[in-house]
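J.: Okay, here's what each chain looks like letter by letter:
2 protein chains.
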Amino acid sequence: MAHQTLIKDFEALLGAENVFSSEADRISYAYDAAVLQPVIPAFVVRPTTKELLGNCVKKLYDNGITMTVRGAGTNLSGGTIPDTSETVVVLTTALTKILEINADDLYAVVEPGVITAHFAAAVAQKNLFYPPDPGSQSVSTIGGNIAENAGGLRGLKYGVTKDYVMGVEFFDATGEIVKSGSRTVKCVTGYNLAGLMIQSEGTLGIFSEAVLKLVPPPKASKALMAVFADVQNAADAVAGIIAAHVVPCTLEFLDNNTIVRVDDFTRAGLPREAGAILLIELDGHPAQVADDAAAVEKVLQANHATAVHVPKDAEEKLKLWEARRLALPVLARCRPTTVLEDATVPRSQIPAMVKAVNDIAAKYKLDVGTFGHAGDGNLHPTFLCDRRDADEFKRVEEAIDEMFDTAIKLKGTLSGEHGIGTAKAKWMEKETSRGTILFSQRLRRALDPKGLLNPTKLVGI
Amino acid sequence: MAHQTLIKDFEALLGAENVFSSEADRISYAYDAAVLQPVIPAFVVRPTTKELLGNCVKKLYDNGITMTVRGAGTNLSGGTIPDTSETVVVLTTALTKILEINADDLYAVVEPGVITAHFAAAVAQKNLFYPPDPGSQSVSTIGGNIAENAGGLRGLKYGVTKDYVMGVEFFDATGEIVKSGSRTVKCVTGYNLAGLMIQSEGTLGIFSEAVLKLVPPPKASKALMAVFADVQNAADAVAGIIAAHVVPCTLEFLDNNTIVRVDDFTRAGLPREAGAILLIELDGHPAQVADDAAAVEKVLQANHATAVHVPKDAEEKLKLWEARRLALPVLARCRPTTVLEDATVPRSQIPAMVKAVNDIAAKYKLDVGTFGHAGDGNLHPTFLCDRRDADEFKRVEEAIDEMFDTAIKLKGTLSGEHGIGTAKAKWMEKETSRGTILFSQRLRRALDPKGLLNPTKLVGI
Chain R
1 MAHQTLIKDF EALLGAENVF SSEADRISYA YDAAVLQPVI PAFVVRPTTK ELLGNCVKKL
61 YDNGITMTVR GAGTNLSGGT IPDTSETVVV LTTALTKILE INADDLYAVV EPGVITAHFA
121 AAVAQKNLFY PPDPGSQSVS TIGGNIAENA GGLRGLKYGV TKDYVMGVEF FDATGEIVKS
181 GSRTVKCVTG YNLAGLMIQS EGTLGIFSEA VLKLVPPPKA SKALMAVFAD VQNAADAVAG
241 IIAAHVVPCT LEFLDNNTIV RVDDFTRAGL PREAGAILLI ELDGHPAQVA DDAAAVEKVL
301 QANHATAVHV PKDAEEKLKL WEARRLALPV LARCRPTTVL EDATVPRSQI PAMVKAVNDI
361 AAKYKLDVGT FGHAGDGNLH PTFLCDRRDA DEFKRVEEAI DEMFDTAIKL KGTLSGEHGI
421 GTAKAKWMEK ETSRGTILFS QRLRRALDPK GLLNPTKLVG I
Chain Y
1 MAHQTLIKDF EALLGAENVF SSEADRISYA YDAAVLQPVI PAFVVRPTTK ELLGNCVKKL
61 YDNGITMTVR GAGTNLSGGT IPDTSETVVV LTTALTKILE INADDLYAVV EPGVITAHFA
121 AAVAQKNLFY PPDPGSQSVS TIGGNIAENA GGLRGLKYGV TKDYVMGVEF FDATGEIVKS
181 GSRTVKCVTG YNLAGLMIQS EGTLGIFSEA VLKLVPPPKA SKALMAVFAD VQNAADAVAG
241 IIAAHVVPCT LEFLDNNTIV RVDDFTRAGL PREAGAILLI ELDGHPAQVA DDAAAVEKVL
301 QANHATAVHV PKDAEEKLKL WEARRLALPV LARCRPTTVL EDATVPRSQI PAMVKAVNDI
361 AAKYKLDVGT FGHAGDGNLH PTFLCDRRDA DEFKRVEEAI DEMFDTAIKL KGTLSGEHGI
421 GTAKAKWMEK ETSRGTILFS QRLRRALDPK GLLNPTKLVG I
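Chains as they are written, first to last, in full-length UniProt numbering: chain R, 1 to 461; chain Y, 1 to 461.
It is possible that part of the hints are untrue.
Each pair may be met inside one copy or between any two copies, as identical chains are not told apart.
No farther apart than 30 Å at their CA atoms in a straight line, the calculated lysine-lysine pairs in the BS3-like style are these [claimed, not checked]:
| no. | residue 1 | residue 2 |
| --- | --- | --- |
| 1 | K355 | K58 |
| 2 | K157 | K219 |
| 3 | K426 | K317 |
| 4 | K50 | K394 |
| 5 | K411 | K365 |
| 6 | K126 | K298 |
| 7 | K365 | K409 |
| 8 | K312 | K430 |
Just so you know, the hints here were simulated from the structure itself, not pulled from any lab data.
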């Protein structure tokens with residue numbers, strides 16, 4: 001079927017206001033937050049109900065057209081870049097209903113297009129807590145969070161999106177509805193397809209609903225900022241805190257480059273001379289928080305922290321976390337291209353990884369700002385460069401290669417939370433095995449027989 | 001290849017002491033803990049290293065022979081009953097090495113045949129904690145726990161086996177090695193195959209290694225036994241505790257039938273007149289435990305508990321939990337056949353489910369003892385019967401049908417922690433959808449093209 005006929009068909013199905021086919025519209029959906037070549041899709045559809053979402057998938061399947069599902073497009077590995085110029089982008093952004101927040105049973109049921117921060121706020125209003133807080137939470141969608149298994153600042157104590165998905169409902173490539181998981185805290189009925197769908201990057205199905213776990217909110221919390229002259233001391237302190245069996249809610253690291261640039265932008269009064277700072281949040285029962293804070297301060301002193309600041313009120317605390325959340329956007333302003341990595345290592349290896357990142361950046365003469373979820377072993381070395389400078393960009397690529405090799409040598413992983421997409425597919429076999437790639441490809445071909453769901457992503461089709 | 005030749009081959013590969021082909025041996029592996037027809041396998045192999053395990057799988061694959069992997073055979077849904085008399089049972093019980101317990105990074109690496117309780121004890125020796133504690137932990141293996149996603153008494157606060165699997169390595173049906181997950185707390189490299197393998201019941205691959213998450217142990221704990229004259233009051237108290245945002249480590253329910261029979265056997269001094277008791281354990285920071293205990297006692301009083309006992313020392317506490325752990329074996333002694341179910345509902349529906357179980361048992365004139373993980377919404381109604389009494393067993397089957405219908409109506413699930421196996425396969429579509437079954441079967445056929453891995457289990461091949 002020619003595109004024009006198909007567009008008319010979709011307009012009839014969804015209403016003309018939910019089909020985008022002008023050039024300007026199509027260009028808007030050609031890229032995501034990854035540094036990769038944009039691909040302009042054929043057109044874009046925005047179903048407004050679950051049933052219409054299913055109809056869209058079925059129609060695209062029947063016509064043999066590739067589809068890239070997209071929430072807010074914040075992902076960092078190219079998972080929402082259309083596969084080809086024939087691809088249709090399926091938006092979930094009109095599926096924004098919170099269907100249920102069950103305070104007695106501590107779960108919620110949502111449509112995939114619900115914005116993470118809106119959902120967290122709705123949950124908080126009922127005096128409950130949805131912990132996953134990816135950096136993009138103010139715009140990212142729950143469907144995207146699940147498809148990428150999004151992390152966030154609270155991963156250390158509370159885990160990542162995966163740990164809050166109790167069940168999913170999705171349309172498979174053929175438009176059939178599949179359900180897995182339950183509103184119960186335990187469910188072993190059939191394969192753990194909900195688990196499989198997490199981090200499947202839009203290649204196995206398109207979510208129509210998710211059941212998410214909620215928890216009672218912590219009764220108290222305390223934030224600390226620890227300042228270090230030496231970056232390695234900060235890294236050692238991270239390993240020390242975990243080894244002391246304290247599990248902070250959040251344990252974030254910012255190196256000097258990041259500190260200076262965030263302070264330039266925010267005038268937040270960050271310690272510009274510091275080699276690194278750690279931002280720590282403890283939460284839980286008030287007595288637990290007090291004990292943990294004492295244990296943490298001891299570790300910080302033992303690792304030569306030059307100062308430990310405790311925000312004096314909620315406003316000052318908010319400012320501190322805002323400074324952390326601004327790390328990426330502020331670094332991104334410095335040069336035309338920002339390459340944000342997320343190689344992750346066991347937490348005790350943070351000192352080795354911090355050293356390796358700095359050595360590699362020096363070797364390849366690159367400007368790097370490193371920040372991230374140190375408590376999870378998950379750093380974000382951010383290379384500031386210009387993609388148009390072929391020599392510099394080649395050095396960035398070589399540096400990343402070397403960084404991944406280091407992460408794997410330290411028994412870590414290519415990607416803690418950003419996904420594989422098209423950006424990291426070539427490294428996958430090195431971390432896993434040939435058998436893993438073959439197994440994954442067989443799985444995928446069986447579940448998407450025509451190869452229509454984001455076919456160039458992950459292990460390919 | 002004729003069996004005799006193949007047996008010789010395996011004896012050469014594994015040593016004669018690791019191949020079991022006598023009738024007595026084969027009969028020992030014909031059944032598991034489910035009430036289902038035994039099937040005597042062709043023979044049984046016990047590889048002693050990971051490499052030999054891989055060789056076994058490859059040899060069976062090449063010869064087109066079906067294989068049933070087996071740890072301790074404690075599963076309750078028939079997952080370890082051989083498929084046919086041609087099936088070879090692959091034992092993991094010689095793969096018992098704990099390869100690493102990493103106290104700095106809070107993980108362990110184990111072989112699949114490690115016994116759950118041995119592992120938990122080794123971890124405790126390093127002042128760490130592995131929470132999953134299935135009822136069969138003293139004999140069950142970690143490989144079996146993962147294949148069934150085993151639950152246990154601590155599910156309410158700490159989750160189930162799934163929540164502690166960071167990574168797995170396994171041989172697929174063809175004998176290729178597949179790896180998924182990592183020693184890091186976050187990993188999104190490729191499909192979440194570790195998630196898929198959990199609760200896959202030996203149908204997608206055979207584990208060779210697992211990376212398990214450990215946590216710091218709680219600093220304090222407190223146990224309580226609450227006595228209720230009326231079973232519904234006990235059920236209401238369960239829902240009340242969760243609604244009060246207290247998350248006990250354990251929240252167990254025993255009905256009168258179970259109490260009396262356990263007390264007959266143990267002389268533990270249980271309240272034989274009680275309609276039901278709740279056994280509750282709170283753990284965490286000492287101040288948190290004290291606050292939680294006060295909140296729980298308030299809920300218990302509001303729901304007309306006639307007494308609340310606190311064990312006066314560790315020995316008395318141990319006795320209490322022993323009484324709970326004896327519920328199943330004691331009920332099992334009463335009649336020739338014990339049918340233990342695990343339909344699970346959202347926690348607020350526990351009062352409705354307890355009522356339904358008793359109404360159904362009365363309607364079908366059956367002897368039922370109900371106990372279980374009430375805090376998880378996961379009850380174990382246990383029908384005491386005699387399979388040889390065709391009329392009685394038909395009533396049991398009808399009662400179970402009705403119980404599953406009720407669980408699903410209450411937005412629950414067929415199986416909280418025991419699995420589908422062959423026992424519950426016929427009910428799966430009712431809870432999920434036709435699309436779910438088709439999707440699962442396509443997935444399975446692609447990953448096990450010759451249909452050799454436990455082919456009659458779960459959704460079939």
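J.: Please name the hints from earlier in the document that this structure breaks, with their numbers sorted from lowest to highest.
T.: 1, 3, 4, 8
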